[in-house]
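A.B. asks: Residues per chain, in single letters:
There are 2 protein chains.
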Amino acid sequence: MSKKQKMVEAITPRDEDFTRWYTDICMRAELCSYSTVRGCVILRPYGYAIWELITGELDRRFKKTGHENVMMPLFIPESLLQKEKDHVEGFAPEVAWVTHGGDEELTERLCVRPTSETLFCDHYAEVIESWRDLPKLYNQWVSVVRWEKTTRPFLRTREFFWQEGHTAHATKEEAMEETLMILNLYEEFYQTALAIPVLSGEKSESEKFAGAVNTYTIEAMMHDGKALQAGTSHYFGNGFAKAFNIQYADRDNRLQYVHQTSWGVSSRSIGGIIMVHGDDDGLVLPPAVAPIQIVIIPIAQHKEGVLDEACRLKEAVKEAGFRVKLDDSDRMPGWKFAEYEMKGVPIRLELGPRDIAQGSCVVVTRDNREKTVVQLENIIEELPGMLNDLNKRMFENANKRLTSRIYDVSDWNEFVQTMDEKPGFIRAPWCKDPDCEAKVKDITKATSRLIEGAADKSHSCIVCNRPALQMVIWGRAY
Amino acid sequence: MSKKQKMVEAITPRDEDFTRWYTDICMRAELCSYSTVRGCVILRPYGYAIWELITGELDRRFKKTGHENVMMPLFIPESLLQKEKDHVEGFAPEVAWVTHGGDEELTERLCVRPTSETLFCDHYAEVIESWRDLPKLYNQWVSVVRWEKTTRPFLRTREFFWQEGHTAHATKEEAMEETLMILNLYEEFYQTALAIPVLSGEKSESEKFAGAVNTYTIEAMMHDGKALQAGTSHYFGNGFAKAFNIQYADRDNRLQYVHQTSWGVSSRSIGGIIMVHGDDDGLVLPPAVAPIQIVIIPIAQHKEGVLDEACRLKEAVKEAGFRVKLDDSDRMPGWKFAEYEMKGVPIRLELGPRDIAQGSCVVVTRDNREKTVVQLENIIEELPGMLNDLNKRMFENANKRLTSRIYDVSDWNEFVQTMDEKPGFIRAPWCKDPDCEAKVKDITKATSRLIEGAADKSHSCIVCNRPALQMVIWGRAY
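Going line by line, the protein sequences match chains A and B.
Residues 1 to 478 (the working numbering) are what the first sequence spells out, left to right.
Residues 1001 to 1478 (the working numbering) are what the second sequence spells out, left to right.
Honestly, I wouldn't trust all of these hints.
[Claimed, not checked] Here are the simulated lysine-lysine pairs, DSS-like style, with alpha carbons at most 25 angstroms apart:
hint, chain 1, residue 1, chain 2, residue 2
1, B, K1226, B, K1400
2, B, K1063, A, K318
3, A, K208, A, K226
4, B, K1325, A, K63
5, A, K64, B, K1318
6, A, K242, A, K85
7, B, K1063, A, K325
8, B, K1439, B, K1226
9, A, K64, B, K1325
10, B, K1208, B, K1445
11, B, K1064, A, K325
12, A, K445, A, K226
13, B, K1441, B, K1422
14, B, K1242, B, K1172
15, A, K318, B, K1422
16, B, K1208, B, K1149
17, A, K226, A, K432
18, A, K441, A, K422
19, A, K208, A, K85
20, B, K1441, B, K1226
21, A, K208, A, K242
22, A, K63, B, K1318
23, B, K1172, B, K1083
[What the hints assert, rightly or not] Calculated Cβ distances over 10 angstroms to all of chain A for the following chain B residues:
hint, residue
24, T1012
25, S1035
26, S1200
27, D1224
28, Y1257
29, A1316
30, G1352
31, D1355
32, I1379
33, Y1407
34, V1409
35, D1433
Honestly, the hints are just simulated from the structure, not real lab data.
From the three backbone atoms N, C-alpha and C, an ideal C-beta is built for every residue, glycine too.
Looking at chain A on its own, in the form it has when it is part of the complex (with noise of 0.2 angstroms):
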């Protein structure tokens, strides 16, 4: 089977087999591939292009707010990882290890990393000394190593990449401070550049990250209703300080513990702009990390100047700023507009020989095909005015599935059905009791998102009936 065929060839419907679609999705728009290391996926170049971008997107926040970038080592030594208690227990069931140097048995272990808390306090207890040294902003770019079970390419991988803040504080105000912010943060990228809209809010003690004091989460709800954590952000306390000695002396010489944080966003983020955006013609993407922002295609592009008129116009939005890409190849026009709807380029445009002769060119937006007549001499200044009302378009259309299936209920038997016919998260009580958090999972396959905040003292619990204390978010989720 060519590769045309391969294209022109539909796509899974998003409504028959999610799942699928999904998949059919990120292998059509060559987002990434399998490879033989069995659990562990290749990120192409359109993939990886995308990648690039979110990461742009951020590092320019995180640094903007102060941060740095570091790179700690890919290994962890078995005795580092187990230095705080009930981080090595979250972690060292699922983590990859290393057992020879070459020819040679190590003397200990070397995990690949799962995340590098360890090993940022390690580091940490080594260079603070004062409170001159505080607060450390601290960030990495790197990849991580969990070793799943399951595959799904940007979903589940025993490789993935992200960015994992550590940071250490003279207080725990100051640290309290960095993890809320650093949520804001997480939020507005979402809302901005992913166009993503997101609840926030604190995890359960069942669902905190291990060794964290609190644990924040930004959610995102797919198409299907299921839930993406697309974000955490952690606030430790002096944990982990305690557990590696990381002190400073204070503005009375006095010795004090450090207070620290973590957070990480995830190459996850990928997967959600598919299920968030995605149609049954393909990815659709929010312009500020679309690889291609503007494909320019050529109508009859044998004609006599319609290839030299597409290269001016090309010149002209590239000159501009925006990424643009002009297909001539000799496919046809149709091969190619099946091609970028596939990968979710936002803006079309199309040029042949009677839009010529008007001065004009046809205008498509991705997520809602509609056609518009653009005068050539006016395209460069509609064109940042049209991105943003896609962009606009495409959170508001996602914000409005979000909050129609946010479910309000308080009755069990309701629950249980809301939670297996409609796809969506429900809004329920709860009494804060592990066990009945445990059943609702056992029984719904649902898990705690996020905690809104105190329950009505009006409220019972969903599950037990007794007092509810909080007022909960629950969703299947990936």
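We have chain A already, so just place chain B on it with the hints.
C.D. replies: Structure of chain B alone, referenced to chain A:
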């Protein structure tokens, strides 16, 4: 010992102990730090910022020449590594092996990538079908692992950072053109962005990359006269293509093997910057990769108006597009001078009450310590020229050291004596017999760095006196 004492304390003089001087700079300039993971170092914010600028400079050049970034898995199954015979022999003895995932022993060991030819080939075999798919011009920015016995920051660490380009072409000619284009790109990058002169040429058979048909190299000369292999570009022929069955249908629909290349520059380049440009006061950074290009030090900053004027200056310099820092901390100016000299900041601006009264500031260039008084109203337009001149001086000084320390030698005894007594390279003829090359290495610890070209008919081999075939640059290397 406080940090302040550590900072003002002198580093080991370069001519007294080059190795200690080098390590002192790495630590005192806070480029990196040893970690508890043996053989691995931590890149601290300042060191990582230099690496980010290097990657930015190179990545821009790669993209401009049509390359795309991708990401291959971190692991390579043992059977995949073994597919190309020379390649596995070259790398298997020095890889780290993952044998367990969680509690389970793996059915097949995975090595942590020492380089990714095998993964790229495996992928190319899958995605290349016809001549339309060629060339594939892929690159990735990753860390790789080789189980080295010794550790020297940036020069020899078990994990190091690099880019690896891997390309596939329809013909031998195109692949060779790519190999040499990249060699030139590397040379231009080193000479322009890093102000480091390099020699370029082909490697001998014994110094070739494992699996390559031809290996080309750029070699820089460190301040102690030793060589640093600064980048390599390999032509693979179709050896890997045959081992991995990477075939394409040509325009006549006949199956052909692709011709491949690979090429890389690593974080060793930071070691090169230190050892080419550094002096007894610390690092000297070329402007293109200096995280801080201009530092502003207020003098008598408690006096009215000084900090205000310094802030205004900083904003103006930043606005003009330079990376600038104003150090308004409460430390003494002399301490700050020493710190930013240690960190190699190219230009220091001093601004005190007297300067302000005269509407000027003092400009000090890091490489030659020259002080110039410049009117504040002219400073923004003067800075680009000053940075350019500094970069030019750095290159020219390094180039003088390089060219004046290449010794033409035609007698074996003189060769041995020169290699022992005169730091630098030797240009000497060679018969191409690997035994002669091995003898040079055994006796003098020098290796053939590169082949300059064919030898003159009158030349005889420096070792065996038989007729020489090639003119070779020899040197001891890092």
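A.B. asks: If a hint holds in the structure, say so; if it doesn't, say that too.
C.D. replies: Status of each hint after checking the structure:
1. B/K1226 - B/K1400: holds, 15 angstroms
2. B/K1063 - A/K318: holds, 15 angstroms
3. A/K208 - A/K226: Answer holds: A/K208 to A/K226 is near 19 angstroms, not above 25 angstroms.
4. B/K1325 - A/K63: Holds, at about 14 angstroms.
5. A/K64 - B/K1318: holds, 14 angstroms
6. A/K242 - A/K85: holds, 12 angstroms
7. B/K1063 - A/K325: Between B/K1063 and A/K325 the Cα gap is close to 14 angstroms, so the pair holds against 25 angstroms.
8. B/K1439 - B/K1226: holds, 19 angstroms
9. A/K64 - B/K1325: holds, 14 angstroms
10. B/K1208 - B/K1445: OK: B/K1208 and B/K1445 at ~18 angstroms, within 25 angstroms.
11. B/K1064 - A/K325: Holds. B/K1064 to A/K325 sits at ~14 angstroms (cutoff 25 angstroms).
12. A/K445 - A/K226: With a Cα-Cα distance of about 11 angstroms, the restraint between A/K445 and A/K226 holds, given a limit of 25 angstroms.
13. B/K1441 - B/K1422: holds, 17 angstroms
14. B/K1242 - B/K1172: Given that 25 angstroms is the threshold and the Cα spacing comes to 14 angstroms, the pair holds.
15. A/K318 - B/K1422: violated, 54 angstroms
16. B/K1208 - B/K1149: Since the Cα atoms of B/K1208 and B/K1149 sit roughly 22 angstroms apart, the hinted pair holds (cutoff 25 angstroms).
17. A/K226 - A/K432: Answer holds: A/K226 to A/K432 is near 23 angstroms, not above 25 angstroms.
18. A/K441 - A/K422: Holds, at roughly 17 angstroms.
19. A/K208 - A/K85: Holds: A/K208 and A/K85 sit about 15 angstroms apart, inside 25 angstroms.
20. B/K1441 - B/K1226: holds, 14 angstroms
21. A/K208 - A/K242: Between A/K208 and A/K242 the Cα gap is close to 20 angstroms, so the pair holds against 25 angstroms.
22. A/K63 - B/K1318: holds, 15 angstroms
23. B/K1172 - B/K1083: Cα-Cα ~22 angstroms, so holds.
24. T1012: Per Cβ check, B/T1012 is outside 10 angstroms of chain A; nearest 21 angstroms; holds.
25. S1035: violated, 5 angstroms
26. S1200: Given that every Cβ of chain A is farther than 10 angstroms from that of B/S1200, nearest at about 29 angstroms, it holds.
27. D1224: holds, 27 angstroms
28. Y1257: Label holds. Min Cβ-Cβ 20 angstroms, cutoff 10 angstroms.
29. A1316: holds, 20 angstroms
30. G1352: Holds, because the least Cβ-Cβ distance between B/G1352 and chain A comes to about 24 angstroms, which exceeds 10 angstroms.
31. D1355: holds, 28 angstroms
32. I1379: holds, 25 angstroms
33. Y1407: At roughly 37 angstroms from the nearest Cβ of chain A, B/Y1407 sits farther out than 10 angstroms, so the non-interface label holds.
34. V1409: holds, 37 angstroms
35. D1433: holds, 30 angstroms
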